[in-house]
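Here the structure of chain E is known, so what remains is to put chain X in place on it, guided by the hints.
Chains as they are written, first to last, in the working numbering: chain E, 738 to 1048; chain X, 738 to 1048.
It is worth saying that the hints were derived from the structure and are not from the lab.
The reader is advised that the hints may include incorrect statements.
The list treats identical chains as one, so a pair stands whether inside a single copy or across any two.
[Unchecked claim] Straight-line Cα separation of at most 30 Å, BS3-like style, residue types lysine-lysine; simulated pairs:
| hint | residue 1 | residue 2 |
| --- | --- | --- |
| 1 | 873 | 767 |
| 2 | 826 | 874 |
| 3 | 748 | 842 |
| 4 | 748 | 826 |
| 5 | 969 | 1005 |
| 6 | 826 | 904 |
| 7 | 748 | 814 |
| 8 | 948 | 826 |
| 9 | 767 | 874 |
| 10 | 748 | 969 |
| 11 | 873 | 814 |
| 12 | 1003 | 873 |
| 13 | 826 | 1032 |
| 14 | 874 | 1009 |
| 15 | 1009 | 826 |
| 16 | 814 | 767 |
| 17 | 1003 | 904 |
| 18 | 1005 | 959 |
There are 2 protein chains.
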Amino acid sequence: MDEARFVEFLKERFPFSHGIGIGDDASVVKIGDDYQLITKDLLIENVHFSLDYYTLEEVALKSIAVNLSDIAAMGGKSQYFYLGLGFPKLLGEEANIDFFNALEKGCRQWQVELAGGDFSSAAHLYISITMIGRAKKPIYRHNAQAGDLIGITGVTGESAIGLMLLKKGIHAGPLMEKHKTVVPEIIKGPILANYVNAMIDVSDGLLIDLKRVLTASGKGAKIFYENIPVTKEMQETCSLHQLDEHEPVLAGGEDYVLLFTIAPEKEKELRKEHIDYYIIGEITPQPGELIILDKGKLIQPRTNGYDHFRS
Amino acid sequence: MDEARFVEFLKERFPFSHGIGIGDDASVVKIGDDYQLITKDLLIENVHFSLDYYTLEEVALKSIAVNLSDIAAMGGKSQYFYLGLGFPKLLGEEANIDFFNALEKGCRQWQVELAGGDFSSAAHLYISITMIGRAKKPIYRHNAQAGDLIGITGVTGESAIGLMLLKKGIHAGPLMEKHKTVVPEIIKGPILANYVNAMIDVSDGLLIDLKRVLTASGKGAKIFYENIPVTKEMQETCSLHQLDEHEPVLAGGEDYVLLFTIAPEKEKELRKEHIDYYIIGEITPQPGELIILDKGKLIQPRTNGYDHFRS
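Bound conformation, chain E alone (with noise of 0.2 Å):
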């Protein structure tokens, strides 16, 4: 079973009586005149991240950084968190104190706040984090119209690219920041969420990401290639190993840019608001259709990107 199915079976398995529950970035519950959404992302080592790349900075502050991601994929703002934490007691007491006053600085830096949580010894570590955000209006994958156009926050495949690298024994340069450094789109999600029909963020590869918007608003897209933003550092590095420079951009994983469906004339005002954002394609009506042109040339990636169940 791949993840989309597996996702598919638990929702049918759990459905949910509060409001929209598995299958979107948070679930989302009405609590007085606003939504409150909450997430869950793991990061578990040697799965998600090795220590022999990552200190445990680093890694403290990505997993408060996918679970802001996601909140502001909906549109909202997050607010606090729990943590469960497993450490191993190999790392030291000290290691311990490192860990929590790294969470400290996310804490400052994203202003949210640890609310509680549950600790204890494991052989890996192991980190869970629930983060409650709030929304005025929530944003889903769903909602897709035919004639939108599609638009993303960022560049995408640097984090992959920078991911590679590491997995080499490359430990320095600005794509392994990329990936070590998660930068969450918490600006631009309630910004966008003034505007935007439906959004997502990109976690696992930007097309598998936009599938999962094509499939839960049951329509098709159109990609133009040469309007995705790829940085020299990235094409330079790509040049360097050898790579072609489509696979990651497309399928890379790890960017955690939001990536919208918005419509034309809603775009048009969406530029006053002077945030970066780049027009990559359009929805189209053929549920599933996903047409990804370089310059009028259909192109068709290897891979569409991380599904959590076949790597």
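Below, chain X without anything else, positioned relative to chain E:
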């Protein structure tokens, strides 16, 4: 640093502006007319349980139950939860489905819903559940009053003896079941909330959890051991294995009964609710005092209970 000091360190470093954060069985945030309670408990393979003597169904149900117990201890009703699951690939897809079947069974049994989460492969089975609940009037640890009676809702020590037997390779019998099958006090918790001053669930041992109440409230306690319920099964098992019964009863852990303190006049009213509980002592004004009498004779247990940092 022991657990109590670590919690103090965290409370100081992570102030919570939305309500009551770190330091009780759950956080408390006022939302609308009542209070939202959130708790998070980890279950980690080979730390909290072993698959040598737990079935996946037992682990899944326990992972829900321990969180229900925390919400009940705050006088609340659990509503829905988020699951962070690290699942070993080696166990196979069928085992994974078994796990979710058990989770569904737990949802039906306890009237809670799965609202979301995250899933990953992992070297060991990791379960992190964040439970959301509600209370009209949350009950804290810090409100015990001098002169309060101390009550518990059930027996203690059987779970610890059960675990000891399981570790010895004895895998059948009622005390083993007591350890593996947590029966959270979801009915009694909200009823008690109408009468008691302070409450906690006994997860780490009667004395250690009582001390948490005493420390938080700045009070002392006198315990009358002979009032603590001990079953015939427990007495016979202790005698068979030449164990001093006092230790598991006072310091056993994983009992998941509720311990509460209640004004004597309120206790009279509580009797009309016809729920089972036992008055085992009283709160004294002297901070930190803890006197345990067995039919008038002073006893001093060797340990207080399970400390997550020392064990």
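Note to self: Tell me the hint numbers this structure goes against, listed in increasing order.
What the structure shows: Numbers 2, 10, 13, 15 and 17, in rising order.
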